[in-house]
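Engineer: So you can see what is in the structure, the chains are spelled out below.
2 protein chains.
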Amino acid sequence: MALIVQKYGGTSVGSPERINAVADRVARWRAEGHDMVVVLSAMTGETDRLIKLAKQMHAEPPARELDVLLATGEQTTIALLSMALENRGVPARSYTGHQVHILTDNVHGKARILDIDDARAREDLAKGRVVVVAGFQGVDEFGNITTLGRGGSDTTAVAMAAALKADECQIYTDVDGVYTTDPRIVPQARRLDRITVEEMLEMASLGAKVLQIRSVEFAGKYKVPLRVLSSFEDGPGTLITYEENEMEAPLISGIAFSRDEAKVVVRGVPDRPGIAAQILGEIGNANVNVDMIVQNVAADGNTDFTFTVHRGEYKKALEILKVVAKELKAREVIGDDKIVKISVVGVGMRSHAGIAAQMFRALANEGINIQMISTSEIKVSVVVEEKYLELGVRALHSAFGLDKAA
Amino acid sequence: MALIVQKYGGTSVGSPERINAVADRVARWRAEGHDMVVVLSAMTGETDRLIKLAKQMHAEPPARELDVLLATGEQTTIALLSMALENRGVPARSYTGHQVHILTDNVHGKARILDIDDARAREDLAKGRVVVVAGFQGVDEFGNITTLGRGGSDTTAVAMAAALKADECQIYTDVDGVYTTDPRIVPQARRLDRITVEEMLEMASLGAKVLQIRSVEFAGKYKVPLRVLSSFEDGPGTLITYEENEMEAPLISGIAFSRDEAKVVVRGVPDRPGIAAQILGEIGNANVNVDMIVQNVAADGNTDFTFTVHRGEYKKALEILKVVAKELKAREVIGDDKIVKISVVGVGMRSHAGIAAQMFRALANEGINIQMISTSEIKVSVVVEEKYLELGVRALHSAFGLDKAA
Chain C
645 MALIVQKYGG TSVGSPERIN AVADRVARWR AEGHDMVVVL SAMTGETDRL
695 IKLAKQMHAE PPARELDVLL ATGEQTTIAL LSMALENRGV PARSYTGHQV
745 HILTDNVHGK ARILDIDDAR AREDLAKGRV VVVAGFQGVD EFGNITTLGR
795 GGSDTTAVAM AAALKADECQ IYTDVDGVYT TDPRIVPQAR RLDRITVEEM
845 LEMASLGAKV LQIRSVEFAG KYKVPLRVLS SFEDGPGTLI TYEENEMEAP
895 LISGIAFSRD EAKVVVRGVP DRPGIAAQIL GEIGNANVNV DMIVQNVAAD
945 GNTDFTFTVH RGEYKKALEI LKVVAKELKA REVIGDDKIV KISVVGVGMR
995 SHAGIAAQMF RALANEGINI QMISTSEIKV SVVVEEKYLE LGVRALHSAF
1045 GLDKAA
Chain S
645 MALIVQKYGG TSVGSPERIN AVADRVARWR AEGHDMVVVL SAMTGETDRL
695 IKLAKQMHAE PPARELDVLL ATGEQTTIAL LSMALENRGV PARSYTGHQV
745 HILTDNVHGK ARILDIDDAR AREDLAKGRV VVVAGFQGVD EFGNITTLGR
795 GGSDTTAVAM AAALKADECQ IYTDVDGVYT TDPRIVPQAR RLDRITVEEM
845 LEMASLGAKV LQIRSVEFAG KYKVPLRVLS SFEDGPGTLI TYEENEMEAP
895 LISGIAFSRD EAKVVVRGVP DRPGIAAQIL GEIGNANVNV DMIVQNVAAD
945 GNTDFTFTVH RGEYKKALEI LKVVAKELKA REVIGDDKIV KISVVGVGMR
995 SHAGIAAQMF RALANEGINI QMISTSEIKV SVVVEEKYLE LGVRALHSAF
1045 GLDKAA
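Residue numbers (the numbering used here), protein chains in the order written: chain C, 645 to 1050; chain S, 645 to 1050.
These are calculated hints, taken from the structure and not from any lab test.
The structure displayed is predicted, hence computed values, not measured ones.
Ideal placement from N, C-alpha and C gives every residue a C-beta, glycine not left out.
Where hints are given, some of them may not hold.
Covered stretches of chain C, going by a simulated chain S footprint (3 or more residues, C-beta under 8 Å) [stated by the list, open to error]:
| no. | region |
| --- | --- |
| 1 | 822–835 |
| 2 | 947–953 |
Some chain C residues judged to face chain S by a derived CB distance under 10 Å, without partners named [said to hold, decoys possible]:
| no. | residue |
| --- | --- |
| 3 | Glu661 |
| 4 | Ile663 |
| 5 | Leu697 |
| 6 | Pro705 |
| 7 | Thr720 |
| 8 | Ala723 |
| 9 | Glu730 |
| 10 | Ile789 |
| 11 | Gly795 |
| 12 | Val934 |
| 13 | Ile937 |
| 14 | Val938 |
| 15 | Leu962 |
Taking CB as the label site, the calculated pair distances span [to be verified]:
| no. | chain 1 | residue 1 | chain 2 | residue 2 | range |
| --- | --- | --- | --- | --- | --- |
| 16 | S | Lys982 | C | Phe786 | 19 to 29 Å |
| 17 | C | Asp811 | S | Asp759 | 38 to 48 Å |
| 18 | C | Glu877 | S | Lys699 | 22 to 32 Å |
| 19 | C | Arg672 | S | Lys699 | 18 to 28 Å |
| 20 | C | Asp818 | S | Glu785 | 34 to 44 Å |
| 21 | S | Ile829 | C | Lys754 | 54 to 64 Å |
| 22 | C | Val938 | S | Ala763 | 55 to 65 Å |
| 23 | S | Leu962 | C | Asp818 | 28 to 38 Å |
Just need the whole structure built from these sequences, with the hints factored in.
Structural biologist: So this is what it looks like as structure tokens:
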């Protein structure tokens, strides 16, 4: 008998049949004696349909009103699931973000959860009811409806689990867990039984898009036991852990990668204090997110300043930099949007030297040239030519022994 | 400069184009300097779509959850209209029933409004914003979402107008006002410039389905000036009034009718006290609504007891009565579901004798036999064979001088 929060994403509730399948699973857990809280996303495609409607009214729909509109998506699925549960003889109550008072700030479209009033949920659980909560949405201090941004339902689930001190927060998705890398690239990729929250953060931000980053951060902060599972097949999924028993940790947990990268280089920048700030300041002002940043040691008073941006913002970044470069009297601005990033991730590397060397060697053996390098405590990332992505990921997956069963 | 509440029904907001047309009209009123509150229904067809979804989850969807589901319909239209207004440079704010705290009882699916918190709306109006309110929905004292039942958006509009002491509550529909009778039957039928609330109640309940009865009662209670207009063409519509200047009132305002009637007769009932109560009690227990009731003077200790029910409940009523008749030792139970009701309505008849006689004569001239008669202060209704409906309505429309322009 435990208190379980389950979250189902858009594909898991994408049709009446699938909602019935979710009801079957929730009813089964309930029958085993668990207290159940279920957090739902909108049906897959619904958010896009609503945004399309909004665009017919206003080219840039006011954020407050867009949130009112989008919030109908989960309100629909929570009502339908509650009906399906009642149809199975399982008492259930649905709640919008407003009704369980998921208090957020008032940044419409990407609000942050500040507080949850768990009284209502506790009362229902005590009466044996399943509590069905709308993900993705909340309410600001003035009662305005807010949304947390895409993937925000994960955050709702984690926040509910934290508020209720749930025994486990289970995130049901269309994959059956977190893998050592993308199985579409490396068929031998394995599901990880467990992964630390830090590794998960590195994996997620690097492209293993299983969970919304913010929800993982949230889970880490409140030490919510988080498990990723498949909606469509039974299995243990992957448990995200907080203990860091590095003795037992595998050296490397996975190989992450990102195709959405572009590289920009400001060459021949005068090497004086404040230059980096000036360059990145302009980029930041334009809301362009910067990922890797590399600055080489200066030679004859000049240095090269390189960083990566999202590929969609490549042109914008180049234009800004051309202006900045002129002001700075930099020699030139060049770039490349045919690059990718590959990373090896693992808490185990903290206590083991030589991971980076091993990585570079594996890539060199395949004739892959490394353009940029960036390291953190539990990750080594490299930028390589786009055409080497698959080859590089496979080489590293094999080199770090991930092909074999653990 | 006035405070105007406008309500638009499902067909008026049935598509993005139509919502844009509503925005145009609201913006025009706003530009004339009026304070505007707009109440919306769900897009036409949306409620049926949602009910169909619900039925896939549960043959008899739990009422609480059905209300959560249905409330998404207006939440969608209010957000879209607010966007369309903002797109025209008109500041607007949308509010769900929850957000303006339309407090209702907790009879899900047909809740009654108890109170409205108008502070939020007043604040927005003071800031020059158009306030866009979801019709049809409210919230009970525990924060559960409720709905007022089909047509409840009219009631929301009237309630908002009453709470805000609006100068006028305008109900936009797909007809351009209240007519002397159905123009599909009598092409000469005229739009009435004004009609009293009592006449409107009689007209509405008798089949001139322009406004929800409850909203008219509500308007009468709070003396809210109510006007029915067309969404699709400009015009003055019909104003529903409360003053009863009978000197000026036309004798008869309109000819109403209902096709949905059926007649049941319990013959040879012992004429003793309590019989009517016993017969109607069983009918009421089965939730069958009774309309006209006629009991003839008794002859040799027996009487006939006749009443009309909705045609859809005819069989149910007959079955119940067969049991009751046996207990009462009544002679027989017969019925007829091929009948209709035709009524002449007008506050003017209060001060004029002979309306009923004039009505019966007009019908007799056409050879129409009258099966039942029922009168109230401002209405005379008759039940006739179904095949006489059109003939009877036309004869009365002409006999009471409604064909000519007023």
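Engineer: Need the list of violated hint numbers for this structure, in ascending order.
Structural biologist: 1, 2, 11, 12, 13, 14, 15, 16 and 23
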